[in-house]
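S.K.: Residue numbers (this note's numbering), protein chains in the order written: chain B, -3 to 480; chain P, -3 to 480.
Warning: the hint list may mix true and false statements.
Since the list gives no way to pick one copy over another, a pair counts as held whenever it fits inside one copy or between any two copies.
[Stated by the list, open to error] Calculated pairs, DSSO-like style, for lysine-lysine (alpha carbon to alpha carbon, straight line, at most 27 Å): (1) 440 to 9; (2) 335 to 80; (3) 80 to 196; (4) 335 to 58; (5) 80 to 9; (6) 426 to 335; (7) 222 to 301; (8) 23 to 440; (9) 222 to 148; (10) 335 to 222; (11) 58 to 426; (12) 301 to 78; (13) 23 to 58; (14) 58 to 392; (15) 196 to 392; (16) 23 to 204; (17) 196 to 301; (18) 478 to 9.
Note that these hints are calculated values from the structure, not bench results.
There are 2 protein chains.
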Amino acid sequence: MSGEQELGITESKEHATGEWYAEVVQKAGLADYAPMGGFIVTRPRGYAIWEHIQDHLDGWFKDTGVDNAYFPLFIPESYLEKEKDVVEGFDPEVAWVTHGGHDELEERLAVRPTSESIIAPFMAQWTRSHRDLPMRLNQWCSVVRWEATETKPFFRTKEFLWQEGHTAHAEADGAWDETMTRLDQYARLYEDVMAMPPLKGRKPEHDKFPGAHTTTTIETLMPDGKSVQAATSHYLGTSFAEAFDITYADEDEEDNVAHTTSWGISWRAMGALIMTHSDDQGLVLPPAVAPTQVVVVPIWQEDTKDDVIEYAADLAAELEAGGVRVDLDDREHRNPGFKYNEHELNGVPLRIEVGPHEVDDEEATLVHRPDGDQETVDREGIAETTQDHLDTVHAKLYASAEETLDGEIREAESREEILGTIGQHGGYVKAGWCGDEACEEPIKDAIAAEIVMVPLDRDEEPIHDECAICGEPSEETAYFAKSY
Amino acid sequence: MSGEQELGITESKEHATGEWYAEVVQKAGLADYAPMGGFIVTRPRGYAIWEHIQDHLDGWFKDTGVDNAYFPLFIPESYLEKEKDVVEGFDPEVAWVTHGGHDELEERLAVRPTSESIIAPFMAQWTRSHRDLPMRLNQWCSVVRWEATETKPFFRTKEFLWQEGHTAHAEADGAWDETMTRLDQYARLYEDVMAMPPLKGRKPEHDKFPGAHTTTTIETLMPDGKSVQAATSHYLGTSFAEAFDITYADEDEEDNVAHTTSWGISWRAMGALIMTHSDDQGLVLPPAVAPTQVVVVPIWQEDTKDDVIEYAADLAAELEAGGVRVDLDDREHRNPGFKYNEHELNGVPLRIEVGPHEVDDEEATLVHRPDGDQETVDREGIAETTQDHLDTVHAKLYASAEETLDGEIREAESREEILGTIGQHGGYVKAGWCGDEACEEPIKDAIAAEIVMVPLDRDEEPIHDECAICGEPSEETAYFAKSY
Chain B
-3 MSGEQELGIT
7 ESKEHATGEW
17 YAEVVQKAGL
27 ADYAPMGGFI
37 VTRPRGYAIW
47 EHIQDHLDGW
57 FKDTGVDNAY
67 FPLFIPESYL
77 EKEKDVVEGF
87 DPEVAWVTHG
97 GHDELEERLA
107 VRPTSESIIA
117 PFMAQWTRSH
127 RDLPMRLNQW
137 CSVVRWEATE
147 TKPFFRTKEF
157 LWQEGHTAHA
167 EADGAWDETM
177 TRLDQYARLY
187 EDVMAMPPLK
197 GRKPEHDKFP
207 GAHTTTTIET
217 LMPDGKSVQA
227 ATSHYLGTSF
237 AEAFDITYAD
247 EDEEDNVAHT
257 TSWGISWRAM
267 GALIMTHSDD
277 QGLVLPPAVA
287 PTQVVVVPIW
297 QEDTKDDVIE
307 YAADLAAELE
317 AGGVRVDLDD
327 REHRNPGFKY
337 NEHELNGVPL
347 RIEVGPHEVD
357 DEEATLVHRP
367 DGDQETVDRE
377 GIAETTQDHL
387 DTVHAKLYAS
397 AEETLDGEIR
407 EAESREEILG
417 TIGQHGGYVK
427 AGWCGDEACE
437 EPIKDAIAAE
447 IVMVPLDRDE
457 EPIHDECAIC
467 GEPSEETAYF
477 AKSY
Chain P
-3 MSGEQELGIT
7 ESKEHATGEW
17 YAEVVQKAGL
27 ADYAPMGGFI
37 VTRPRGYAIW
47 EHIQDHLDGW
57 FKDTGVDNAY
67 FPLFIPESYL
77 EKEKDVVEGF
87 DPEVAWVTHG
97 GHDELEERLA
107 VRPTSESIIA
117 PFMAQWTRSH
127 RDLPMRLNQW
137 CSVVRWEATE
147 TKPFFRTKEF
157 LWQEGHTAHA
167 EADGAWDETM
177 TRLDQYARLY
187 EDVMAMPPLK
197 GRKPEHDKFP
207 GAHTTTTIET
217 LMPDGKSVQA
227 ATSHYLGTSF
237 AEAFDITYAD
247 EDEEDNVAHT
257 TSWGISWRAM
267 GALIMTHSDD
277 QGLVLPPAVA
287 PTQVVVVPIW
297 QEDTKDDVIE
307 YAADLAAELE
317 AGGVRVDLDD
327 REHRNPGFKY
337 NEHELNGVPL
347 RIEVGPHEVD
357 DEEATLVHRP
367 DGDQETVDRE
377 GIAETTQDHL
387 DTVHAKLYAS
397 AEETLDGEIR
407 EAESREEILG
417 TIGQHGGYVK
427 AGWCGDEACE
437 EPIKDAIAAE
447 IVMVPLDRDE
457 EPIHDECAIC
467 GEPSEETAYF
477 AKSY
């Protein structure tokens, strides 16, 4: 059984989360490292997860008035510079194209790190009248940010896949509703598709997207106690519209400045998904994003082989007709134990075992990933039964992640308590905060934790009356956590 | 009615095809020119056409064993150089990234012009045993080629969207079947989705994809008499596998070199589509790729307004429920004539007019784009009737394009006849050819026409016994044409 050892994950999720994560990503065939540091190759099983995420979100976007478009990969340096009108000290770490063929370019071109500066001028051009608004554009693409950090597939890569939505509205209300609509769709993605409980909040003023009026965020908790910024939705106010001249004539032919938003989610969502659910046997996926939702494994002896394989093949065909993404694993050169391990490593949510007993009794045995719960069920109505079990697998993953999260949100009333609690347990610590960035510093300096969010509702009463750091009256509740 | 004049296409398809095309693309809202020469911005209506093309092809690819993946945007110069082992004199005109942030890179990175040189090394790594084959990978992405030519949206742009498929097979037969499967899928796309009759053929030896054993091509005829290379599918033999060491252990554990293929279609397909069907009123689209398939236009007087709009809205809702992509145009500030012109400009294949008569008689009037054929039909069963009419619109577009093509394939038996026929009529001229590139030269030099394809079947008898140029025995039938 040397094969089983090759398959095995050798690192421990609990004791070496980073190494374990990297091993799961590679051994489950999700991604490999590219020859250039900071870049990865996304293999079919990994890319299929991204496609399922895309399909869900893209459908919701289109149902709510968003049009997809495609803007150039490159942004002229002078266009990027324009963001300096909005963002003081803007100095993007980007990849620069300086030569085309054998010739040096007259102006350097940045590989897009985000597309505000190329999209906004076109929005300005296309927005004439209030009838052109709201204008909602989205693009699915890759972006490049030249940050020098250790490569961590999906979490930290110089090139990453994402979508970026950019919208313009006549009024602040419309733009704010847009911001919240997208935040809610991201939250729904985490809950209903990825089986992860999202925290919805706002970034503190000093950590907003540069130029934004408000940055809203989805935060999710990782098993090592760190928070991941898992999607963001920005209400930009009129700052970008003013800088790029996005104006419209209202019903009285008066010129007005538009209100804009931008919102995005990257393949970091996949990283958070993999890290949250997977275990020491390998990848664990919720059924909605699993490339293969069900694997049917026939278990035969020589005398039962034909019957068992035929039964298993029929069953798989019925599931496929019922809309289940199913594989039949009738490989002859692998034994059932090897197959079980391999499909567990690859994150197949449900295994269906079929042996001579199942054939005789017209049944099938369903085994859940990751908890191994199993049930023998009637062959009749198997597509519906399987769908129920897939729903149960999702619900169990969600419940488990939610239980973890609930236990990892604590409170603190002093600097020492914040440091001690995060130092000991990780997770989130809620504390009163005066709103001054300076009061984040001692926490950042001591344990590299920061304020990852504050409540969405600006009128929400702070959890405590006093700032846990300085003792001045607190303005809001800060969620401190270490962060990816 | 000044609005109508704004909408109008001012150039003539017949007399100024290039200017007319550029005007249609911009006025129908498909694309705009980016600030950098050679780049365009693809607007929602244009991108939606590309999405429909993608959806059809991607489904067929997946049904026939292809997995999507994603490889890095950048390719290290040393990797690109590796293609010199396959392709003599390989000197790609690419965009070079030389700086990341403020630092000069140790090795320049090419923005991918095509991904053979980064995909092949990974295929080599992932291919161990015959059980790993066939391996079929595809990616949808953008590529950049730094060719200095005038920008022509979708036809000639430095950055373009495409898909590139890369496969490896144990045997030549499997790789050849793969090559033909993809060529047939491209042909099906043109016929069934884009309503264009494709010619299937092979590129002459001297015009193959560098390193390929065989380059197969789809050629389509443009209204100005030129041919467009509308998709290609390459059987690469073992040349790439040898250069990049894509080998596998067969059933006897013997090492073998794999056979590979690559195949791609770009947004040039959209350019060919737009140019083929559109007319002096604007864009014409076959229903399968039209962002809006049907527009319902209510026509009311003040006293009939409520009834007509309600009837029209119900009708539109029923169509939408029936799976038709439908818009209701109940704008108050535009009259029906303006709306008709606008939807014609934008390429909506079917207009449904609803006035008081239609309401009274429970009917609807269907008007086809582009020929203006109209029919008043029963309101009952409108979704099905509409689908029938959309099918008819597709069939008429196809028939028209096919009739044009049939009339544009001529024969010639001498150099003078080739030159005269193409010079006078454009289109394709079939002629006997000895197989020597030298015999293409005089045609190229005189009228910039070339051999765009030869028959797929290598055993097909040449149309004439003698080469039309040199008089030596002819080896195959050459299709001469001017080309995009």
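S.K.: Can you name, in rising order, the numbers of the hints this structure does not satisfy?
M.R.: 2, 3, 5, 6, 7, 8, 10, 11, 12, 14, 16 and 17
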